[in-house]
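First to last, the protein sequences are chains A and B. Residue numbers 1 to 309, in our numbering, belong to the letters of the first sequence in order. Residue numbers 1 to 378, in our numbering, belong to the letters of the second sequence in order.
Since the hints were made in silico from the structure, they are not lab data. Keep in mind that this is a model prediction, so the values were computed, not measured. A hint or two may mislead.
Below are the BS3-like pairs computed for lysine-lysine, each with C-alpha atoms no more than 27 Å apart in a straight line [unchecked claim]:
hint : chain 1 : residue 1 : chain 2 : residue 2
1    : B       : K343      : A       : K195
2    : A       : K274      : A       : K228
3    : A       : K228      : B       : K272
4    : A       : K195      : B       : K272
Covered, in the sense of this in silico footprint (three residues per stretch, anywhere, with C-beta under 8 Å from a C-beta of chain B), are these stretches of chain A [what the hints assert, rightly or not]:
hint : stretch
5    : 92 to 100
6    : 120 to 130
7    : 138 to 144
8    : 150 to 160
9    : 171 to 184
10   : 193 to 205
11   : 233 to 239
The C-beta atom is built at its ideal place from N, Cα and C for all residues, glycine as well.
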Amino acid sequence: MREQLLDASRVERAILSYDSAMLMPALPNSHLAREVIRAANDWSVDRWLSGKDDRLYGLILVPNQVPDDAAAEVRRVGKNPRMVGVLLGENGVGKLFGHPVYHPIYEAAVELGLPVVLHVGSDAVPDTQTATSAGGLPVTYADYRILAAQPLMAHLVSFIGQGVFEKYPDLRLFVVGIGASWIPGLMWRFDTNYKTLRREVPWVTRIPSEYLRSNVRISTYPLDRTPKPEQLVRILNAYGGAEDLLCFASGYPDWDANDVSYVADRLPSEWHRKIFYDNALTFFRWPNTELLKPRAPAVEVGVMKSEIV
Amino acid sequence: MAKYQGPVIDSDVHHTWSSDDDIIAYLPKKWRDYVKGSGRAPMRIDPPFMTYPHVNGPNKRLDTFPPNGGPPGSDYETLCKQLLDPFRIERAVLSFDPGGNGALDNLYFATEVVRAANDWNIEHWLSIPDDRLRSVVMVPTQMPEEAAKEIRRVGKHPRIVEVLLMSNGLRRPFGHPLYHPIYEAASEMGLPVAIHVGGQLCEGGNQNAVAGGAANSRLEFHTLANQSSIHYLASFIEHGVFEKFPDLKLLLVEDGISWVPWLIWGLDAHYKILRSESPWVKRLPSEYFREHVRFTTQPLEDTPDPQQLIEVLEAFEGMDDLLCFATDYPHWDADDPMYVSRKLPEPWLEKIFHKNASELYGWPIVSPVLRRQGSPSD
Chain A
1 MREQLLDASR
11 VERAILSYDS
21 AMLMPALPNS
31 HLAREVIRAA
41 NDWSVDRWLS
51 GKDDRLYGLI
61 LVPNQVPDDA
71 AAEVRRVGKN
81 PRMVGVLLGE
91 NGVGKLFGHP
101 VYHPIYEAAV
111 ELGLPVVLHV
121 GSDAVPDTQT
131 ATSAGGLPVT
141 YADYRILAAQ
151 PLMAHLVSFI
161 GQGVFEKYPD
171 LRLFVVGIGA
181 SWIPGLMWRF
191 DTNYKTLRRE
201 VPWVTRIPSE
211 YLRSNVRIST
221 YPLDRTPKPE
231 QLVRILNAYG
241 GAEDLLCFAS
251 GYPDWDANDV
261 SYVADRLPSE
271 WHRKIFYDNA
281 LTFFRWPNTE
291 LLKPRAPAVE
301 VGVMKSEIV
Chain B
1 MAKYQGPVID
11 SDVHHTWSSD
21 DDIIAYLPKK
31 WRDYVKGSGR
41 APMRIDPPFM
51 TYPHVNGPNK
61 RLDTFPPNGG
71 PPGSDYETLC
81 KQLLDPFRIE
91 RAVLSFDPGG
101 NGALDNLYFA
111 TEVVRAANDW
121 NIEHWLSIPD
131 DRLRSVVMVP
141 TQMPEEAAKE
151 IRRVGKHPRI
161 VEVLLMSNGL
171 RRPFGHPLYH
181 PIYEAASEMG
191 LPVAIHVGGQ
201 LCEGGNQNAV
211 AGGAANSRLE
221 FHTLANQSSI
231 HYLASFIEHG
241 VFEKFPDLKL
251 LLVEDGISWV
261 PWLIWGLDAH
271 YKILRSESPW
281 VKRLPSEYFR
291 EHVRFTTQPL
301 EDTPDPQQLI
311 EVLEAFEGMD
321 DLLCFATDYP
331 HWDADDPMYV
341 SRKLPEPWLE
351 KIFHKNASEL
361 YGWPIVSPVL
371 RRQGSPSD
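Work out the full structure: start from the sequences and follow the hints.
Spelled out as structure tokens, the structure:
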């Protein structure tokens with residue numbers, strides 16, 4: 001990793017995000033899931049984050065099938081300064097991640113100033129009992145890989161629609177592994193529907209795109225391989241502000257990993273500083289990040305008001 | 001409609017029966033007895049849907065309830081008065097509401113209800129001497145061979161112009177070979193296949209309406225409702241449906257359009273892998289897409305500035321050849337022609353309001369003259 005990624009690409013900080021270990025939260029035996037995840041986090045701290053290379057940071061994997069256990073794990077491991085976020089991993093309860101059943105995890109994350117990471121593959125294995133794509137299962141890998149974006153889109157919509165960012169105004173969500181060209185298509189549809197259906201979710205007080213811009217960041221990996229690079233930039237510009245939404249990620253060592261120069265070539269140079277560095281620097285909880293007291297919610301999430309605007 | 005004065009074709013109008021009795025009358029006797037046995041309430045002929053109550057009550061425009069009773073879309077005069085006449089619609093494709101009857105759990109009963117609805121449709125609506133009316137054949141999606149028979153039986157009618165797929169009866173994406181008998185029959189009859197959003201919500205096909213878990217509000221569901229259609233489109237290409245049936249056209253109804261670049265670029269980018277698994281995919285996915293796939297415009301994404309949507313479509317090298325105007329009348333979020341003509345560039349309007357649909361349905365280019373000859377409401 002040092003030779004192929006860290007040194008070769010001059011990576012100053014790398015967030016280690018596990019690989020297939022992220023499937024463990026959905027193990028049918030929830031007690032086993034909790035224990036192997038604790039073991040994995042301990043191993044991660046001992047093996048990778050104990051100071052051998054100070055470019056390395058990690059994510060806390062959580063046994064999300066029992067959200068209280070997951071919150072306890074966030075509090076147990078999250079004090080380690082080299083842990084910079086919470087990895088939700090596989091969908092353990094089988095509900096979209098904005099569902100209130102998962103909220104104890106977000107409460108703990110906010111308490112420790114950690115962002116939550118939603119990684120592609122969240123609903124990929126039969127253990128979840130959810131589906132990795134809508135309308136039936138995909139039958140080929142190409143089909144699977146492209147549509148693996150769908151559960152992440154649904155989880156993101158759920159975070160916003162279920163008022164997670166109202167209940168925890170300081171919660172930050174990082175969406176990883178599905179590129180970026182989907183953003184306008186999903187968010188404009190969401191914004192359009194919000195105008196007419198918001199009475200159903202009065203705790204969603206702002207148009208969905210505003211939550212995306214204030215609380216969510218999205219990985220560049222895998223950068224959309226549009227026929228011409230300017231096509232991606234053009235549709236991101238049509239949505240606007242992409243340079244503030246995206247954080248570089250390589251995806252190393254996945255088959256479709258992107259190296260720095262590939263991404264740099266395809267995105268405007270004026271965006272580079274933010275996407276390669278600044279955005280992640282202000283988003284993750286790095287050592288010495290000053291922890292602010294989390295803000296209280298301004299609305300009561302889940303409560304219908306008799307007077308509706 | 002100051003901006004656009006040409007003909008308008010509406011590719012998605014929802015019509016329905018006043019009462020279930022209208023359809024039950026068309027069932028064979030044994031099934032009539034099954035539905036309406038003595039001493040009990042009749043069984044339902046519409047499959048239940050997942051429960052996402054609408055904030056308006058029904059998911060219809062509240063002004064579309066006909067004055068003499070019955071649900072929105074059940075009365076021809078109201079339809080003329082609210083839609084066809086004021087917006088100068090030259091052709092309207094009546095598409096049931098929503099047409100998921102093939103998803104009733106009892107698949108034999110479902111098949112009979114679908115046949116009855118098609119017969120009722122022809123006698124009740126398509127015999128009205130109004131040349132603006134066209135309609136679709138509903139099919140029992142749980143029984144593709146029966147569906148193919150139904151297409152061959154009903155599809156000969158000159159005013160039946162499309163095969164409607166609504167419920168996902170076999171819980172496989174619609175490009176799956178299980179469904180190919182439907183496409184063979186549609187191809188044979190020269191009818192495009194339309195997939196209407198929402199079919200995964202009903203009994204008999206209910207699964208994976210949204211990836212990752214069930215949405216918890218109508219807002220969230222409605223936003224994600226196109227996920228299935230997105231998968232169906234990918235599966236049509238992946239399973240080589242357009243190689244197997246080179247004349248087949250697919251119309252995606254009510255799915256929005258601004259997501260299209262993401263999917264098609266993604267498919268093209270994965271072409272090598274796609275080919276290794278699906279060697280029958282001989283051309284770039286985008287080529288099949290542009291040749292075979294069309295979209296209805298409604299619900300058009302309401303971007304802060306209309307130019308933002310246009311910019312996405314232009315970055316994708318245009319979709320003006322692929323869009324067919326639709327109102328979705330009488331649904332709550334219906335778009336009227338004035339709204340759409342304000343949102344889209346003027347040079348696209350002739351294509352989107354009538355030329356693309358005429359080509360899709362194999363009609364000569366319609367003109368206002370035709371309407372005046374055929375319409376009793378003038």
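task = With a cut-off of 27 Å on the C-alpha distance, tell me whether K343/B and K195/A pass.
result = 17 Å, holds
ask   = Has the given pair, K195/A with K272/B, been kept, meaning a C-alpha gap of at most 27 Å?
value = Judged against 27 Å, a Cα distance of about 41 Å means the pair is violated.
ask   = Counting residues of the stretch 120 to 130 of chain A that have a beta-carbon nearer than 8 Å to any beta-carbon of chain B, does the count reach 3?
value = holds (count 3)
query = Taking a Cβ-Cβ distance under 8 Å as contact, does the stretch 92 to 100 of chain A have three or more residues in contact with chain B?
reply = holds (count 6)
query = Counting residues of the stretch 193 to 205 of chain A with a beta carbon closer than 8 Å to any beta carbon of chain B, are there 3 or more?
reply = n = 10 at 8 Å, threshold three: holds.
task = Establish whether the coverage given for the stretch 233 to 239 of chain A by chain B is satisfied; the threshold is a Cβ-Cβ distance below 8 Å, and no fewer than three residues must meet it.
result = holds (count 5)
message = If you count the residues of the stretch 171 to 184 of chain A with a beta-carbon closer than 8 Å to a beta-carbon of chain B, do you get 3 or more?
response = Result for this restraint: holds, n = 4.
ask   = Holds or violated: are the alpha carbons of K228/A and K272/B at most 27 Å from each other?
value = 18 Å, holds
query = How does the coverage statement for the stretch 150 to 160 of chain A fare against chain B, requiring three or more residues with Cβ below 8 Å from a Cβ of that chain?
reply = holds (count 8)
ask   = Is the Cα-Cα distance between K274/A and K228/A 27 Å or less?
value = 23 Å, holds
query = Would you say the stretch 138 to 144 of chain A counts as covered by chain B, given the rule of at least 3 residues with C-beta under 8 Å?
reply = Our answer is that it holds, as 6 residues pass the Cβ test (under 8 Å) against chain B, meeting three.
Of the numbered hints given earlier, the model fails hint 4 alone.
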